[in-house]
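Peer 1: Sequence:
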Amino acid sequence: MSPALSLSVSLPPICKSKDISRDTHLPKSTNREDPSPKNPSEFKFSRRNLINYTALGLTGTGLSVSKPAKAAEPESPVSSTSSRMSYSRFLQYLDEGAVKKVDLFENGTVAIAEIFNPTLEKIQRVRIQLPGLPRELLSKLKEKNVDFAAHPLEVNQWPAILDLLGNLAFPLILLGTLLLRSSGTNTPAGGPNLPFGLGRSKAKFQMEPNTGVTFDDVAGVDEAKQDFQEIVEFLRTPEKFAAVGAKIPKGVLLVGPPGTGKTLLAKAIAGEAGVPFFSLSGSEFIEMFVGVGASRVRDLFNKAKANSPCLVFIDEIDAVGRQRGTGIGGGNDEREQTLNQLLTEMDGFSGNSGVIVIAATNRPEILDSALLRPGRFDRQVSVGLPDIKGREEILKVHSNNKRLDKDISLSVIAMRTPGFSGADLANLMNEAAILAGRRGKDKITMKEIDDSIDRIVAGMEGTKMTDGKSKTLVAYHEVGHAVCATLTPGHDPVQKVTLIPRGQARGLTWFMPGEDPTLVSKQQLFARIVGGLGGRAAEEIIFGDPEITTGAAGDLQQITQIARQMVTMFGMSEIGPWALKDPAVQSGDVVLRMLARNSMSEKLAEDIDSSVRRIIESAYEVAKNHVRNNRDAIDKIVDVLLEKETLSGDEFRAILSEFTQTPIKIEKIPVRQMIEA
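Residue numbers (this note's numbering): 25 to 701.
Certain hints may be false.
As the list claims (entries may be wrong) - No more than 25 Å apart at the CA atoms, straight line, and that leaves these computed lysine-lysine pairs for DSS-like: (1) Lys264 - Lys274; (2) Lys520 - Lys488; (3) Lys420 - Lys495; (4) Lys291 - Lys430; (5) Lys648 - Lys627; (6) Lys493 - Lys249; (7) Lys420 - Lys493; (8) Lys264 - Lys495; (9) Lys493 - Lys465; (10) Lys430 - Lys467; (11) Lys430 - Lys495; (12) Lys495 - Lys648; (13) Lys465 - Lys413; (14) Lys413 - Lys430; (15) Lys471 - Lys520; (16) Lys495 - Lys520; (17) Lys467 - Lys546; (18) Lys329 - Lys274; (19) Lys271 - Lys329; (20) Lys488 - Lys426; (21) Lys660 - Lys627; (22) Lys327 - Lys413; (23) Lys249 - Lys465; (24) Lys471 - Lys493; (25) Lys493 - Lys660; (26) Lys291 - Lys520; (27) Lys660 - Lys648; (28) Lys329 - Lys264.
None of these hints come from the bench; they were simulated from the model.
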């Protein structure tokens, strides 16, 4: 007898004879050629296949299933035909006692039963789909003395292993291909054979640059543009300069605040020169792997020398050109190795004839001195914020593709935007165009320009305040700023006063600085402190000391900074004309501030604090006297402001002139400065 778990299919001796119909009670018409193998032991398959074959009637060919161990032989011949039977029909046969044997498969969800058919007077093998394995069925099988056995499911490990190998095959083949390609790549001389091309430069190369930008698209930086035009002329006609012994600069460093047009100038020179152009960022040299940055520098300059004369533009060079020895890791730092390689390639033993390096940064104070010396960067071009004429030229460039109302004057817009960079002015015109489209207009008007300036400087317009104590207090606060600033000699005139919130400010008072806001006198600085304290002075005099609010927090920070700069930087106090701060401490670099030694004594620090306090206290007394002496004018201006919510500078001065004889100087150049509530 075969083992208990054997599922081998074999032909019993009774099925080997030709008169198979007599032994199995089948009709003669069922005789056909026996498809079974000559050796019964060779025909083996899993239990799952046995179940499927039984369900499909494959045992009708004369195949029989060997019984499990301890299974009783059927009392009557077993029919080789089988079919499916419903569970309810099976229970009916079970109740009648016709079920002889049951084999359970698939965790008790499938049963192969031998059932005696009284009509045919033979036993049939049927397949039943069970609803799980109910306890009632087991009880009935025991009650009817039915021989039943449960067969565990065989787990074949090979399909899972084959599936895993199939999933890993493609990644392994791809990885091997990349390793073979990288190992066989010819690298430049002196560069490591790094895998996956890590040592190759990521610079974008253009044999014939087509940036779409020329010098006509660059405005407001005439000095920098002139230097670049000389380089372009040298590349086009080098014999003109070689005749007098001149050499082309090896490097040009563009220095200036963000948004002033450094990258735009690089695009312009690429479009004008007509020579091969490489462009990349300083951060593209640095990787987490040691030696990759230096290898990329070598690869970049090897390609540049092969295409000389050419231009190499490195944007944000401070990412790789920081002073050596200021970081963690010392000389073995990856960034320092990259910088050393860059210094050697720009002006080393072999030189880089015909390669002009153009770099840009807004942090020149942290660059290494060896990088800035002549021979590497022969020229340092300052690209600063444009003046009023430069702003007007920039506005012309950015308004070429926009429809402007005939009442718009670009010169007036330039006057109102001191301190704006080229990027700020481009954003201003774009914001105005967006507002015009949102409002359903076909042209940009001055209203959109004004709102765009307010949005860029102060933030988005907030929800208007409802009438109440809070709105009244904000109105007195803003009018206090305007009155104290106007009545203090040296302060800039008021442009407008508004109660419309913007950003974090509940109200705003705008001023118009003079023609050259870069040179400010001591009188003007003191007047700004008085104007900044006007809001707090109005709250205290009108509402009382217990009713002062947190609205002056921004004002106090501004006036404290101005007073401290007057003492420590500008020498405008009784301490004397001293520079009382270390330049390293004043710089924006965190590492330099940490390493800087504080040489200030405790006595000097106390004197500085006392001087700052005296300046602020004296300015606060002046502001409170202005509020006390002009209470009627303040009340009248507040009433009009609460009704209109915005007062122009002319309307404000007209009301104030009715109550005071103080001469009010009005500047003709309308540029802006803001004090927030």
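Peer 1: Taking the hints in turn, state whether each one holds.
Peer 2: Now for the hints, and whether the structure bears them out:
A hinted pair counts as satisfied when its Cα atoms are at most 25 Å apart, and Lys264 with Lys274 qualifies at roughly 18 Å. Simply put, Lys520 and Lys488 have alpha-carbon atoms about 17 Å apart, close enough for the 25 Å limit, and the pair holds. Distance check on the hinted pair: Lys420 and Lys495 sit about 41 Å apart at the alpha-carbon level, beyond 25 Å; violated. The hinted pair formed by Lys291 and Lys430 fails the criterion: a straight-line CA distance of about 33 Å is larger than 25 Å.
Note on Lys648 and Lys627: the hinted pairing is violated, with a Cα-Cα distance of about 32 Å set against a maximum of 25 Å. At roughly 56 Å between alpha-carbon atoms, Lys493 and Lys249 are farther apart than 25 Å, so this suggested pair is violated. Between Lys420 and Lys493 the CA atoms are separated by roughly 46 Å; this puts the pair beyond 25 Å, and the hint is violated. About 71 Å separates the Cα atoms of Lys264 and Lys495, which puts this hinted pair outside 25 Å; it is violated.
Proposed proximity of Lys493 and Lys465 is contradicted: the alpha carbons are some 38 Å apart, above 25 Å. Between the alpha carbons of Lys430 and Lys467 the distance comes to roughly 9 Å, so the proposed pair stays at or under 25 Å and holds. Between Lys430 and Lys495 the CA atoms are separated by roughly 37 Å; this puts the pair beyond 25 Å, and the hint is violated. A threshold of 25 Å between alpha carbons decides the hint, and for Lys495 with Lys648 the separation of about 21 Å falls inside it, so the pair holds.
Our distance criterion of 25 Å between C-alpha atoms is broken by Lys465 and Lys413, whose separation comes to about 29 Å. Between Lys413 and Lys430 the alpha-carbon distance is near 20 Å, which keeps this suggested pair within the 25 Å criterion. A threshold of 25 Å between alpha carbons decides the hint, and for Lys471 with Lys520 the separation of about 14 Å falls inside it, so the pair holds. A C-alpha spacing of about 17 Å is found between Lys495 and Lys520, which places the hinted pair at or below 25 Å, so the restraint holds.
Proximity of Lys467 to Lys546 is assessed by CA-CA distance (about 44 Å); at most 25 Å being required, the pair is judged violated. Simply put, Lys329 and Lys274 have alpha-carbon atoms about 13 Å apart, close enough for the 25 Å limit, and the pair holds. Simply put, Lys271 and Lys329 have alpha-carbon atoms about 17 Å apart, close enough for the 25 Å limit, and the pair holds. Simply put, Lys488 and Lys426 have alpha-carbon atoms about 31 Å apart, too far for the 25 Å limit, and the pair is violated.
The suggested pairing of Lys660 with Lys627 is violated, with an alpha-carbon distance near 49 Å, which exceeds 25 Å. With a CA separation close to 42 Å, the supplied pair Lys327 and Lys413 exceeds the 25 Å bound. In summary, the hint linking Lys249 to Lys465 is not supported, as the alpha carbons are separated by about 37 Å, beyond the 25 Å threshold. At roughly 30 Å between alpha-carbon atoms, Lys471 and Lys493 are farther apart than 25 Å, so this suggested pair is violated.
A threshold of 25 Å between alpha carbons decides the hint, and for Lys493 with Lys660 the separation of about 17 Å falls inside it, so the pair holds. Note on Lys291 and Lys520: the hinted pairing is violated, with a Cα-Cα distance of about 40 Å set against a maximum of 25 Å. Distance check on the hinted pair: Lys660 and Lys648 sit about 18 Å apart at the alpha-carbon level, within 25 Å; holds. At most 25 Å may separate the alpha-carbon atoms for a hinted pair to count; Lys329 and Lys264 meet this at roughly 23 Å.
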